[in-house]
Amino acid sequence: MTETANPDELEIATGYMNAVLNGPFIAMECTGDIGALEIAAWSPGAARILGYAREEVIGRRLSDTILCGTDVDLWRRLCDGPVGAPLAVQHRRKDGGVVECEWVHEPMRDAGGRVARRLFLGQDMAARGRPAQQARDHAILLRAILDHAPLVACKYDRHGIFTFHDGKGIERAGLMPGQLLGMNVLDLYGVDATSAEAIRRALAGEAAEMDTEAHGASWRSWFLPVLDERGAPDGAVSVTFDITDLKRRESEIEAKLAMIQAQQQVIRTLSTPIIEVWDRVLTMPMVGVIDSARTSEMMDNLLEAIVTKGARFAILDLTGVDAVDTKTASYLVELVRAIRLLGAEGVITGIRSNVAQTMITLGLDLSEVITMGNLRAGLKLCIQRLNIEAVAAGGAKRPALG
1269 MTETANPDEL EIATGYMNAV LNGPFIAMEC TGDIGALEIA AWSPGAARIL GYAREEVIGR
1329 RLSDTILCGT DVDLWRRLCD GPVGAPLAVQ HRRKDGGVVE CEWVHEPMRD AGGRVARRLF
1389 LGQDMAARGR PAQQARDHAI LLRAILDHAP LVACKYDRHG IFTFHDGKGI ERAGLMPGQL
1449 LGMNVLDLYG VDATSAEAIR RALAGEAAEM DTEAHGASWR SWFLPVLDER GAPDGAVSVT
1509 FDITDLKRRE SEIEAKLAMI QAQQQVIRTL STPIIEVWDR VLTMPMVGVI DSARTSEMMD
1569 NLLEAIVTKG ARFAILDLTG VDAVDTKTAS YLVELVRAIR LLGAEGVITG IRSNVAQTMI
1629 TLGLDLSEVI TMGNLRAGLK LCIQRLNIEA VAAGGAKRPA LG
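Counting from 1269, one number per residue, gives the positions in the sequence shown under my numbering.
Among the hints, erroneous ones may be present.
[As the list claims (entries may be wrong)] Cut-off 27 Å, straight-line C-alpha distance, at most; resulting in silico cross-link-like pairs (DSSO-like, lysine-lysine):
no.: 1; residue 1: 1648; residue 2: 1524
no.: 2; residue 1: 1595; residue 2: 1515
no.: 3; residue 1: 1524; residue 2: 1595
no.: 4; residue 1: 1362; residue 2: 1515
no.: 5; residue 1: 1436; residue 2: 1423
no.: 6; residue 1: 1436; residue 2: 1524
In short, the hints are calculated from the structure, not lab data.
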């Protein structure tokens, strides 16, 4: 009596085989004798890893298609060895590249117990180790940032409990890494309304940013939500930078600008002074009506100051100038050219509309003259240029003007 296969078992076996042939690894079926195996099935994973399309390999001899360097007996050793025992070997891809694969062999027998086909499964060993290497790289990167950048990194569960607390910036707060683990961030910092709102927004699924003062320092924080696999809020993370030095530099710059503005008010009725508003930056505020006689004197004084102080920029601020005569307008352009001959740059700021019309009416060439709307903009430009030159020369960068 002849036994017939259970249709359900055949369907299950077919499903298993389809899953194998469509997996992310090399899967191929071969027919024929061990010494002359021919490829009968070729998976998408095999095409991706080895570079050969299915139509290029079906019917070809296995040993002629997947080259194994000098290991010509690889396939025989796989077939003769224990079933399922892995064997690693390097192959040459179609494009000439080298890939190292680990192979296992499974004979497929007919009803009489004879080997009808042979199934070979191969895995790209580099791809197998790639996720672990990426995880190691991420850990190294995170540790380098936490150990050297002036920041604090934290993670909170959905209730606001610290589950991660680390970073070099913790030292500035007088704390130790991990000291706040198990504590509730809202209990610690929720007294400040701005902080509490930012934290609650992040725990609710919305990013937030804020500046705050705590532990005797200034901080800038970003609170970011953590979402679960369904996209629902599941805690939050925060990155907080120590911006104490930045705030101090901003205050210094604002104080300097306030001083400049106060000086401008005082000198509107005085003669034209020359003020060193920044390292190697001079400004010459002009007030009232500028005639030819005053312009000549100002030119002499400014050029002398540039040489004496080694200035890189000279700002001619015309904010307080009510009018200029035609000769004075020409003098201003000539003054900028003279400044350039001394190795500095002249910047004209605060030109009023009537002064601009005078210059245009005279047909003066202003293509090489740098003009800015006000003194603040002119000073900011000079500082930016000085920073660029300092970086190019390998020096220390000056604080930018906010």
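Cross-check of the supplied hints:
1. 1648 - 1524: holds, 12 Å
2. 1595 - 1515: Since the Cα atoms of residue 1595 and residue 1515 sit roughly 46 Å apart, the hinted pair is violated (cutoff 27 Å).
3. 1524 - 1595: violated, 34 Å
4. 1362 - 1515: violated, 59 Å
5. 1436 - 1423: holds, 16 Å
6. 1436 - 1524: violated, 32 Å
In this structure, the earlier hints numbered 2, 3, 4 and 6 are contradicted, and the remaining ones agree with it.
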